[in-house]
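Chemist: All chains, please: the whole structure from these sequences, using the hints.
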Amino acid sequence: AQTVTQSQPEMSVQEAETVTLSCTYDTSESDYYLFWYKQPPSRQMILVIRQEAYKQQNATENRFSVNFQKAAKSFSLKISDSQLGDAAMYFCAYRSAFRDTDKLIFGTGTRLQVFP
Amino acid sequence: DTGVSQNPRHKITKRGQNVTFRCDPISEHNRLYWYRQTLGQGPEFLTYFQNEAQLEKSRLLSDRFSAERPKGSFSTLEIQRTEQGDSAMYLCASSLGTVEAFFGQGTRLTVV
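Listed in order, the protein sequences are those of chains W and Z.
Positions in the first sequence are counted from 1; adding 1 to them yields our numbering.
Positions in the second sequence are counted from 1; adding 182 to them yields our numbering.
Keep in mind that a hint or two might mislead.
[Unchecked claim] Label-pair ranges, simulated between beta-carbon atoms:
| hint | chain 1 | residue 1 | chain 2 | residue 2 | range |
| --- | --- | --- | --- | --- | --- |
| 1 | W | PRO41 | Z | LEU237 | 26 to 34 Å |
| 2 | W | LYS56 | Z | GLN266 | 25 to 33 Å |
| 3 | W | ASN63 | Z | PRO190 | 33 to 41 Å |
| 4 | Z | GLY279 | W | PHE65 | 19 to 27 Å |
Hints in this document: simulated from the structure, not taken from any laboratory.
Idealized CB from N, CA, C, for every residue including glycine.
Modeler: See below:
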């Protein structure tokens, strides 16, 4: 079975600085998707960034980028130029690329605090 | 608002009562998912529909839980004979057969 581990329950960063959130996963599958979701307090979860395992190039979305290390099964999220609005819970998630299952497997989350 | 809508947002019930939650997915999204999130944890998969067919159920979904998606539109999740351990946030998500799932704001259930 696949598992996702986020070893940092809480992280903090100063506004305009850079922070990296860690995620490791375990799978025997060769093709899959990895995601970072953001869950602000009392608001719905939104997708921040995704990575297809077959792509070697790391995904980037504006201030958000990932460091995908397939052999090490590591998928970290880097937030550059942090803003107060980035404060939220961040969840790393895995999804198999096989068509017979669509479920997301989530880690336990990292609470990010942003200080002015 | 064309996002995923969940009702009610909050539900307090006495132990042993039945509760039903509703999820309205984004229009034309053929896939719908239910997840449960307890405090300090990430969401855990409960069940998944493609159109009206329930294709996968987690072992977390005990006999007291049932989900339906009549006509492949909205979905309901019913919990019978609620227990205190059922207290959680119940999240619904939908997708259009692509990789990205869009989440609703959730229904927070408190069993007293």
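Chemist: Starting from the range 33 to 41 Å, see whether the pair ASN63 of chain W and PRO190 of chain Z falls in it by beta-carbon distance.
Modeler: Because 35 Å falls inside the window, the suggested range holds.
Chemist: Is the gap between the beta carbons of PRO41 of chain W and LEU237 of chain Z within 26 to 34 Å?
Modeler: Holds: the Cβ-Cβ distance is about 30 Å, inside 26 to 34 Å.
Chemist: Using the Cβ atoms, figure out if LYS56 of chain W sits within 25 to 33 Å of GLN266 of chain Z.
Modeler: Cβ of LYS56 of chain W to Cβ of GLN266 of chain Z: about 45 Å, so the range 25 to 33 Å is violated.
Chemist: Just to be sure I understand the hint, the distance between the Cβ atoms of GLY279 of chain Z and PHE65 of chain W should be within 19 to 27 Å; is that true here?
Modeler: Since GLY279 of chain Z and PHE65 of chain W have Cβ atoms about 25 Å apart, the given range 19 to 27 Å holds.
Checked against the numbered hints given earlier, this structure breaks only hint 2.
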